[in-house]
Amino acid sequence: MKHPKLYFVVFMLITQSALAQGALIKIDGSSTVFPITEAVSEEFQTLKKGEVKVTVGISGTGGGFKKFCRGEIDIQDASRPISKEEMKTCREAGIQYVELPIAYDAITLCVSHKNTWLSKLTISELKKIWEPQAQGKVTQWNQVKKEWPATSLKLFGAGSDSGTFDYFTEAVNGKSKASRGDYTASEDDNTLVLGISNDPNALGYLPYSYYEANKDKLKAVAISQEANRKATLPSLQTIVNGTYAPFSRPIFIYVNAKSLTKPEVKEYVRFYLTEAKTLVPQVKYVPLSPKAYQAGLTRLQKNKWGTAFGGEAQIGMKVEEILKREPKL
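Residues 945 to 1273 in the numbering used here are what the sequence shown lists, from first letter to last.
Relax, there's no trap hidden among the hints.
Below are the DMTMM-like pairs computed for lysine to aspartate or glutamate, each with C-alpha atoms no more than 20 Å apart in a straight line:
1) 970 / 986
2) 1121 / 1029
3) 1161 / 1132
4) 1159 / 1132
5) 1058 / 1091
6) 1235 / 1265
7) 1089 / 1075
8) 970 / 1208
Treat the hints as calculated values from the structure; they're not laboratory data.
Throw the hints in and build the complete structure from the sequences for me.
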């Protein structure tokens, strides 16, 4: 054989390329969770010096679960727990998973700084605005409350594949996906920021981090459960202690059990839970307690497959309670 050293070098380059291509972690799902997962992934790839590639999509929680339950991705970003239908689909496909809370979020109701008259809303007022029966009928602000101006009501919110949409509709209208349809919907939260900020008659909802990053463009609206109760604004404190109700919520990653047999995936998830306390605040989200992250690592180590929710939305549930429950597939 001529030039054996050259052949060896070529063989090693091909082998290294194959290994690099094989060390791929596929993630998709929630646009709400995306900024956290993107930050974790960037740090992890830097740590691995190019040996592992991580791709992160934003097809929404519902769209991500479709891929996850088909076994197309390793990790699912979710801004709500897995649903009964998704549990059934995963079960039929033989997909097992571990459910891991990774941070707190708060659905934040926002208006433009150009809006000088709206500072608070009650849940009943939100229902009057967003319930399915309001479609085509409640089109001006004074139809919600007579003291408000007789100007057009422009609405912005999450798309129907979004876990934020599911949670918001459950919290306001009492049923997931029950909503009027005549509003500007988007899976891209930056599109919502732009739409709300440019219109003095606009009202919209989006994840807390997008509000925090755009405070110069948006004004948060305080929320009260009833007309005679104190209205509360979202903040680090009110999100963690649950007083920003009913819109404080945990957000999650779901990890395919089969993917966890790959060393790079297991290492990535451990890195995620270990570094989240540092990286979560950097992208304007609210971290869990150190005890909660440790409980997530224990759940991972003990292969506790399944969900603590049983496929049903549970508004206002604390992370500590979630992690105490025995998960079920």
